[in-house]
Amino acid sequence: MPADPMRQNSTRVDPVSMGRVRQNENPMDPAAASGYLDPPARVGFFTDTSICIGCKACEVACKEWNGVPEDGLQLTGMSYDNTGGLSADTWRHVAFIEQRVPIGANRPEALAAAPAGGTAAAGAGRGAGEAQQPAPVQGRQAVPAGAQGAAPVVAQPGLRWLMASDVCKHCTRAACLDVCPTGALFRTEFGTVVVQQDVCNGCGYCIPACPFGVIGQRSGDGRAWKCTLCYDRLTVGMEPACAKACPTQSIQFGVLDELRERADRRLADLHRAGVSDACLYGRDPADGVGGGGAFVLLLDEPEVYGLPPDPVVTTSDLAAMWRRVALAATALAAGGVVAFAGRRR
Amino acid sequence: MSRGGRSGERPMVPVATFDSYYGRPVIKSPVWRSPDIPGYLFLGGLAGASSVLGAGASLTGRPALARVAKVGSALSTALGGVALVHDLGRPARFLNMLRVVKPTSPMNVGSWILSTYGAATAVAAGTDVTGLFPRVGRVSTMSAAVLGPLLASYTGALLADTAVPAWHDGYREMPFVFAASGSAAAGGLGLLAAPLDQAGPARRMAVIGGTCELAALVAMRRRMGLTAEPYRDGRAGSYTRAAEVLGLVGTAGAAIAGRRSRAGAAACGLALLTGSAATRWAVFHAGLQSASDPRYTVEPQRRRLAARRSAVT
Ligand code: SF4
Ligand code: SF4
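In order, the protein sequence lines correspond to chains A and B. Going left to right, the first sequence walks through residues 1 to 345 as the numbering used here numbers them. Going left to right, the second sequence walks through residues 1001 to 1313 as the numbering used here numbers them.
Think of the hints as simulated: they come from the structure by calculation, not from any bench. For every residue, glycine included, the Cβ atom is placed at its ideal position computed from N, Cα and C. Among these hints, one or two may not hold up.
To be verified - Pair ranges (Cβ atoms, derived):
1) A:ASP284 with B:HIS1086: 39 to 45 Å
2) B:ALA1255 with A:ASP198: 51 to 57 Å
3) B:ALA1119 with A:GLY220: 33 to 39 Å
4) B:VAL1218 with A:ASP221: 39 to 45 Å
5) A:PRO69 with B:THR1116: 37 to 43 Å
6) A:LEU159 with B:LEU1248: 40 to 46 Å
7) B:VAL1245 with A:ASP198: 46 to 52 Å
8) B:ARG1033 with A:GLU70: 20 to 26 Å
Unchecked claim - A partial selection of chain A residues facing chain B, derived with a Cβ cut-off under 10 Å:
9) TRP65
10) GLU70
11) ASP71
12) LEU73
13) ASP81
14) LEU86
15) ILE97
16) ALA175
17) PRO181
18) GLY204
19) VAL304
20) ASP310
To be verified - Stretches of chain A that chain B covers, calculated by requiring three or more beta carbons in the stretch to come under 8 Å of a beta carbon on chain B:
21) 218-228
22) 316-324
23) 328-337
Sequences are here, hints too, so could you generate the full structure?
Next up, the structure:
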């Protein structure tokens, strides 16, 4: 990850000498790799969608704190999600999915049987009892989840709601940051990815580069905007606004390594309880973007939530692209030589 | 679990054979506009390859061809630069492109190529037209001829270095498509504007470029598989077919009639120029189309995942 040479920061060191100065260097620490000397621990989000209630408090808190402009009040007509997706003017987006699925009898109980509070160190007790999927519908009657302990164990046609709060992943290998030609996008000391709005010239390159479709261009403004992971709040030791506002602690903020451990425990709990579809998305440092600073626990395939199933940072092929460019340029020049080598007219 | 076709009570949800979030795109479409960006891709290719033609013409004593190529490349570079700046969200900040040197950003590298090349080609054209400073003119002509091929080719990496399926998946061939397309256009300009007795190299460059352009396009689409579909469909499909017909007609015409008839040469030149432009518009729109359909993002990734999983087990 190239350090932006124009951005002066007291904790920055010359990337060339960095290797000698730093000790205990973690190759997966993007802040250190960007040239920060002794950066603070990398932070991020773990969003546990199994306890999200779709209240959208995070969306509102984000807009309020960050002064993100209103971007149209429309009804999408597809679900209770009237936001649609992440954009320059939506930095937290709550997906809402209604599925007709055969509900195995153990399913809702399982979620209730693995209360989230038990694994969230900071959130023990809070939201544990209420943490549950919306009730499946039987006939016309909704049955509260967790109240079916003795129900017959038969899979039946049912309905389920999935809710998930999505955000910029603050990728370890961030395509937006790699391709930004001005250096407006930069890596913070916390390992997050932020746009410097006074530098961005609205070239729009970051927008199709992001494999998650996160960053967008603000109309009337021309520049690119996205989640900053509340950089301003982080610098004064506060947690991001969305995590603060989340009433169920579906959005958990913290040191990334701790969040990963917590998520692993939560996943194990869910699997033990029979929620076999539960999976962690963006947690794996070996994935195509080096893992996200923000990652999630999902209850269905990523694409159901609008997430790419196997995202890869586009610049992983860039060396090959440059080789191809060099070859093509040479071929063009050679073609020119051939064109003149022929007859004299 | 029901896969696809989750319509049920929601008639607005498109029926699909793969999962998506209500048919919404996964990635964001480029915000780049037509004609700015496809126009720049075309003009950059035309300019870059013309500089090669111009230098060769100067070295081999073909002043009329040299004049056409040099002035043509200077004008296309200027126009292309204007198009680029015009497309920025904040045009007044275009110089921010040059505040860093960043090899991971083809746009940054391209800005450096464009600005140095632009200076060289402008001086080359200016000295040619005015006859002043012949030595400076020679140096800048040669510099432009060295940088020109890079200008014509880097745009392949510019587009490919995104998450846009129809662009990224073509990264192996895209620089060749653009370099060849630039040669075809530059040859076409020579055929159109230079006198017949000096246009020989332009004709040969047109034939080489036109042939390679068509071949590279075919090779690219064949290897891409699913994500090549947008090149066939919709607006991109129309541009692709236009590029193929014009390229074929222009190339064959240049090879057969380009030496004999001034009018025939000019017509072939025009066909090659428009064909080269159509190639860029085809690529541009194919990218937009592939970005707005989640299928092109999800399906190849699903397959990749499945292949990896089956390799593990
Ligand atoms: S999710 Fe997209 S916008 Fe966020 S850091 Fe990754 S590449 Fe950049
Ligand atoms: S739009 Fe702004 S942040 Fe995005 S790549 Fe261009 S200069 Fe960088």
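Discussion item. Going through the numbered hints above, which ones does this structure break? Give me the numbers in ascending order.
Written reply: 6, 9, 10, 11 and 12
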